[in-house]
Amino acid sequence: MLFLQLLLQGIQTGALYALTAAGFALIFGATRIFHFAHGTSFTLAGYAFLFCWNAGIPWWAGALAGIVAATLFGLAMERFVYRPIQRHEGSFFTVFVAAFGVAVVVQNLIGMFAGRGFAAVDTSLSRATEVLPDVFLAPIFWIAIAVAVVLFAALSAFLTRTHAGVALRALAQNPDLLRAYGLSSNRLSMLAFALGSAMAAPAAVLTAMTTGLNEAIGHHVMLISIAATIVGGVGSLRGAALAGLMLGVAESVALQFVDTQWAEAVSFLVLFAFIIFRPSGIFGVAQTR
Amino acid sequence: MTGPQIARRALLGTALAAPFVRPSFAQGGDPYVIGTLFPMSGPNGEYGKLFTDGAALAIEHARADGTLRRPMRIQAEDTQALPQQGVIGMTKLVNVDKAHYVLVGFTAVSKAVAPVGDRAKTVMVNGGAVGPDLSGLSPYFWNVIPLAHLETQAFLPFLIRRNLKRIALVYVDDPLGDAILGLLRTELPKAGGELAGTFSIPRTAQQFGPIAARVRQTRPDAVYVASFGAQQAQIIKGLRDNGITQPLVGYSALSIDSVRTLPEAEGVIFTSQKFDYTGGSEITRRFATDFKARHGGEPGAYNANYYNAVRLFALLAREIERENGTVNGDSLRATLLRVREFDLVGGKGRFDDLGNISSEIQVNEIRGGRVVPIA
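Chains as they are written, first to last, in the numbering used here: chain A, 1 to 289; chain B, 1 to 375.
Keep in mind the hints are simulated off the structure, nothing from the lab.
Check the hints yourself; a few may be wrong.
Simulated DEER-style distance windows between Cβ atoms [to be verified]: (1) B:G192 x A:L132: 52 to 62 Å; (2) A:V104 x B:V372: 36 to 46 Å; (3) A:W60 x B:D118: 38 to 48 Å; (4) B:D118 x A:W59: 46 to 56 Å; (5) B:D118 x A:V104: 28 to 38 Å; (6) B:G296 x A:L132: 46 to 56 Å; (7) A:R161 x B:T218: 25 to 35 Å; (8) B:T218 x A:D122: 20 to 30 Å; (9) B:G369 x A:L269: 39 to 49 Å.
Facing chain A, a subset of chain B residues (Cβ under 7 Å, in silico) [stated by the list, open to error]: (10) S41; (11) A265; (12) G267; (13) R286; (14) A288.
Quick reminder that beta carbons are idealized off the backbone N, C-alpha and C, glycines included.
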């Protein structure tokens, strides 16, 4: 029964990791910008939801506020940080340092205004009850899975069945050709940032209900997102989502076999294993030089 | 360059320099530099504010009372509760800021910075960390908080009396967690209890549902939480949300607001120093009244400890000033060992040869978002 319990909890955690990682993968895949501040979008969305919840605003409006906060932050990063850098130099290191700096500043601003320390939404949805002997499940388990499935289905439909979605995929593959066809790569880049950042918001809302938030949570989110993007195959959305789910399950199920302190390390063991044995990731395409 | 341009630049320069200009004081001379090595950001940033609030109030009181001939000023360095950041901060405080006295917190940080302070003969005072091996780290390292072994000595008989004999320990993988593990391993059997299971967690761990599943399997009477900062609240929520109904217990780090106000923390039992803010000494009442006026709430043990740490400096430095001596690590230590007993918040504080304060311990329970002493 312990294995089943750990597996179910891993699926819940993995669903949230998948949502966050898919957002990062979408941005990175389409624009090749290493958006290290993606974790900050997550944090802002979580705190926006928390603020609304504490103010007595209906949950759906709070969730909407979270999506808006994450999206606006993503768009602002694209417009005012990454685009000017890319216009002049555009090196990976400059982009990374700029994003890291913004993440640190926003983290401290959140700490100043929302208070430093733990904050969580108090809801009965996160309280587990015994559904089988020694197996506990909370209503939020089903919500997390439903949200992940619906969002991935919607995103897949958008990317395959709409002009904007197809253009986003084209941006990832050949931006020069895209411009030759008269499409604006800047606009598509903004669309990628808006969609990718918005994807972090549902995970942030659910995290505020389950494990809670603190202003530094974005760094952990980024670690998982980067690991999932590499394991899933750089540029592959479904790869990142599957890898996020896999990392969540691995982190949890590992406790059946190893001591509790190794749970997080298991995620990175999986990452190292992929880097060594399948560097292109689950759905990545191997490239030779 | 025209006149108005010069004026504008001078005005701009003055405005930019304003934050760095030290204010003038009623007291004369260069200020005594009180360095602080607290986590001001990150998941433990909540402690930095608690610690600083207490220290700042003590400086204000010392200034109002004219305790010293020279003013005191705080020079803050953010450690993020990380040892390596602590060493960087301590090195700067000692070599650049020439700190007279440094306030530290967190077991891992304290142990990391102690050799730096020891070499520079700079007094370091801990009011937040409780690892038992902080005792005697250096002749210049003192503790104004009773260390964990004193808390567990008082706590274990209480748990046994409540028939909470099988204890599962969830502890953070750092010197504090290891110290609590060592104490429970040796002291719990002596008190008539047993460790039902031990669960080590990394400092960065966020998911506690799977750990709750492992804890449930040990069928404990109570779960002891030995962590700090935001992670404590995450552990408590994670355990309660995932079917742990047994009492949750711990040590003084649980007294922070983010735990106290957490609905899942209702009924959490923990130890702390004994403070009587209403019926205590005049110093205690003044501290409680002024703290409440300034911050709008009751002070906690950490506020009081760092108030005491700075007050201790003021009392020692006053003695040294009276003798026209120089305030430094050696004179502060010599005066501490000579005087030994001081009027501090909470009553008389007495220090042993290693610079450790002795204090009474009380057992508290969180009830309705309030910390209520129960034993």
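We went through each hint and held it up to the structure:
1. Take G192 of chain B and L132 of chain A: their Cβ atoms lie about 35 Å apart, and the range 52 to 62 Å is violated.
2. With their beta carbons about 39 Å apart, V104 of chain A and V372 of chain B fall inside the hinted range of 36 to 46 Å.
3. A C-beta distance of roughly 58 Å is found between W60 of chain A and D118 of chain B, which places it outside the suggested range of 38 to 48 Å.
4. D118 of chain B and W59 of chain A have their C-beta atoms about 55 Å apart, which keeps the hinted 46 to 56 Å range intact.
5. Judged by the Cβ atoms, the range 28 to 38 Å given for D118 of chain B and V104 of chain A holds: they are separated by roughly 32 Å.
6. Under the hint 46 to 56 Å, the C-beta atoms of G296 of chain B and L132 of chain A, about 48 Å apart, fit the expected range.
7. In this structure the hint that R161 of chain A and T218 of chain B lie 25 to 35 Å apart at CB is violated, the actual value being about 52 Å.
8. Here the CB-CB span from T218 of chain B to D122 of chain A is close to 28 Å, well matched to the stated 20 to 30 Å.
9. Distance hint for G369 of chain B and L269 of chain A: a CB-CB separation of about 41 Å, consistent with the stated range 39 to 49 Å.
10. Hint on S41 of chain B holds. Least Cβ distance to chain A is approximately 6 Å, under the 7 Å limit.
11. Here the hint on A265 of chain B is broken, as its CB sits about 10 Å from the closest CB of chain A, past 7 Å.
12. About 15 Å separates the beta-carbon of G267 of chain B from the nearest beta-carbon of chain A, more than 7 Å, and the hint is not met.
13. For R286 of chain B, the interface hint is violated, the least distance from its beta-carbon to any beta-carbon of chain A being 27 Å, above 7 Å.
14. For A288 of chain B, the interface hint is violated, the least distance from its beta-carbon to any beta-carbon of chain A being 22 Å, above 7 Å.
Of the numbered hints stated above, those contradicted by the structure are hints 1, 3, 7, 11, 12, 13, 14, listed in ascending order.
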